[in-house]
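Student: Sequences and hints are given; from them, build the entire structure.
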Amino acid sequence: MTDFDAIVIGAGNAGLTAATALQRGGARTLLLERHNIPGGCATSFIRGEFEFEVALHQLSGMGTEKSPFIMRKIFTDLGIMDQLNVVEERELYRVVLPSIENKDHEIDVTLPANIKALKKTLIAHYPDESENIEAYLTLCEKLSLECFMMLPRAQKTGDQTVLESTCPLYIQYGLTPSKDVLNEFFTNKDLKAVIAAYWCYIGLPPKDIPFCDLAVMIYAYAAFKPCHVQGGSQAISSALLESFLAAGGKVLFNTGAEKILSEDNQVKAVQTEHGDIFSCEHVISNTSPLHTFNELLDIPTPQQASDDMKSRRLGTSAFVLYLGLDCTPEELGVTAASNFIIDDRDEEVAFETMQGIVDPTHTMLTCYNHDDPTFAPPGKSSISLLCLQYSQAWQDLPVEEYAQAKYDFADKLIDHAERVFPNIRKNIEEVEVATPLTMMRYLNTPGGAIYGFQQNTQDAAMFRERINAIQGLHMAGSWNGMGGFQPTYMIGESTARAVLKKLKNTQSEIKQQELSHA
Amino acid sequence: MPNSSSAKNNILHAVKGYQEALDHQQELIKTGTDFNEQKGQVANTIATLHPKRLQLVVSEVIEDTASTKTLRFKAEGIVLPPFQAGQYINLFVNIEGTETARPYAISSAPQQRGYYDLTIKRVADGYVSHYLLDDVKAGDRFQSTGPMGTFYHNPLFHGDDLVFLAGGSGIAPARSMIINMIENTLTHRKAAQKLHLVYASSYEVDVIYENELKQLEKEHDSLTITWLISRPTEKYTGRTGHVNAELLTELLGSDLEKLQRKMFYICGPTSFHDFCAQQLEQLKVKARRVRIECNGPPKHPETLTGWPQDLIASDKVSVTINKADGTQGQFEARVDEPLLNSMERNGYSAENACRSGECSLCRVKVVKGSVFNPQEARLRSTDEAYGWCHSCVAFPTSDIEIMV
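Protein chains in written order, with our numbering: chain B, 1 to 518; chain C, 519 to 922.
Derived by calculation from the structure, the hints in this document are not laboratory data. Every residue, glycine too, gets a C-beta built ideally from N, C-alpha and C. One or more of the hints may lead you astray.
[Said to hold, decoys possible] Listed next, the stretches of chain C that the computed footprint assigns to chain B, with coverage defined by at least 3 CB atoms under 8 angstroms from CB atoms of chain B:
# : segment
1 : 551–558
2 : 564–571
3 : 592–603
4 : 665–678
5 : 722–733
6 : 804–814
Tutor: Written out as structure tokens, the structure reads:
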């Protein structure tokens, strides 16, 4: 018998979810984590009186207590829903294009987290386009339903007529570049910029995002509400670990995986950085395929994995300031938790500036205690201020210049946000700066990628074959689907389900053999 | 790629843009790589900035005072990583078979990449300081963490008007910050920071870096030093007493707005920084203008609020360790000794660095029983509910079982 049925490498969202689902499903599971805390980027850290949320901005897919959506079901199945204090957010986001002189902002629109109110708000701001807004939001809603319900069914049947009759909008718009759809529906450039602001959560400009992704995002956030969990994403990670342990799972912290040992293209064991070897039938890797296949696997990268990676491009990282401010959100002028501050209506300009260490043009400011006071000490504010950014320029810097470059850029980020929230700098009580290299350090991802590979149209699962060159080796994480919290929890859960099914089949096979030999 | 032919996806050709995306994929394959050329790059990039361990050798032992020595450490094999003046490294030691570690601020300046100086003062009832001062000689080898900590000048909001309140060996990070400031002023040639050092020592003979600091003060207008002796000899003619509100008002003025613009750094024994922080509070200096370097676990946890009634410092409890290999170990520990220390004395360990409750590297999970977490323990809000504690400042208050 093997030491474990399954070994999960990495206690990020997908790893924790997979491990918990596996153990609760009866598989003897070992979870390896090179850090001393579960969560990966779903974690927090303390500075002074502040506990800073590292990565979660708006948790999607929860729904409300009255009308729960898929994440509540997943968390219930994982045994943690009753541990979580969910805080619903009132707004989707505020978009501001600040004025150059001291006039009113060129754009200043706050979208409420409610479909009807969202429509009303957009129409109030852009009355000339009221019909277009109606049509666009209806398309988003219908397209989302097709994506959730009809498309998977049609794919299962393999029947094109079923696809054509049940997914007409998907056929027409699903894979169309978002930019084209926005141009088709709207003429007002401000409106286009406002309604597409969630592109930041994917990391590519709308011209490179298939419309189904953008449409689902705005519809699902508005319909099922963005939310937070008290204690931040660390509360979710800690609850998952607790559920895993309570089910009898074994976890080793400060223990990175060093090698995945295989035999005849079948997973055999995992060797840890401390030299221990644990045998197993399945390995679920929550680390990148680059690290898994090119560094952990004990044989050369299989052709299938190599081919898949050749068609990929590294996704973006981020530069983040964690700010503890000695003033209330009201004193700061915060009216929504999530704020996009943009200099240009064209997202491609922002994407251009993400490539190097140049003045930021799109920043995002999240105020965690806007919707719930427990996220900061009384009278203070807990803020994250960030821009998306690739890591290469940081990797090219001489190490001696790193700290200064970090502060110089952080200063620019604060300048950028101060045009909307003028009193940030003078109220700083705590600040921590995270560059793309900080992401790389803590996430162990190439390029410090925060969402895995770039997610343009051809990266979607439907264009990909599951990499199964090594039997028993499964990939789960942002690198195998979309980045972000909901997608990674979901991929962890579905991977565990697939592994449990395989384990069951193996067990019944063994039983069959035993019977026939008896 | 074979995907396009998979039966499940065939029907998707009906979707507008499907073929274009497949074509795009083929294009990308032609110009892309499987990233094998990047093998090891993540690990190397991180190791140059934040190595987990440094291999160090003592190149020189410098006698500062009768109670203090500076140990100069050079790296073996690699260039020492950059650090920010004020940061520390955690030095691992093996004293007669006991593996432990202590964090020490780097007293040399960041411009000096050839070595790190650690300035170590004898702690009366100490353990590691005696070993470092009495037994260590040039050529001895050590391991340490990379530079860590958040006690440094942060240009984003600290400003250029700095006050450093140093007590005893708390001068070590001050020296690094002072030399760094002076070097930066010389290289950038801009009217930059000024720093007022208030340096308190118990005895005249304890004053560290006296000549060097006096020389620097003479040469650079940006540096002002106030020397303070709390237990002077009769012949001492300088200032005596403690760093109190009165003294600070005399030195820095009473204009609150001006005081608020300064950034105060406090480093010294726990009693020193507690006292200084109180004085600044009395002067209405906001917490956001005060940085305090942490300084080890509380010496007498039994005197702190929250300590269980009826529990006497000398009481002993049993600690059971669930080891990674599935076996268990057990030992007895006094309730007033930090868990990490008793673990180390009994041959167990947890990764650690600040040993003051802040860095969270030493977190362990209490599976059974209870521990006392003092204020120093900067736990995350959900930690206590699940039994996580920072073992460097956690005190077992009952028989406990922990997972490491």
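Student: Can you give the numbers of the hints that this structure goes against, from lowest to highest?
Tutor: 5
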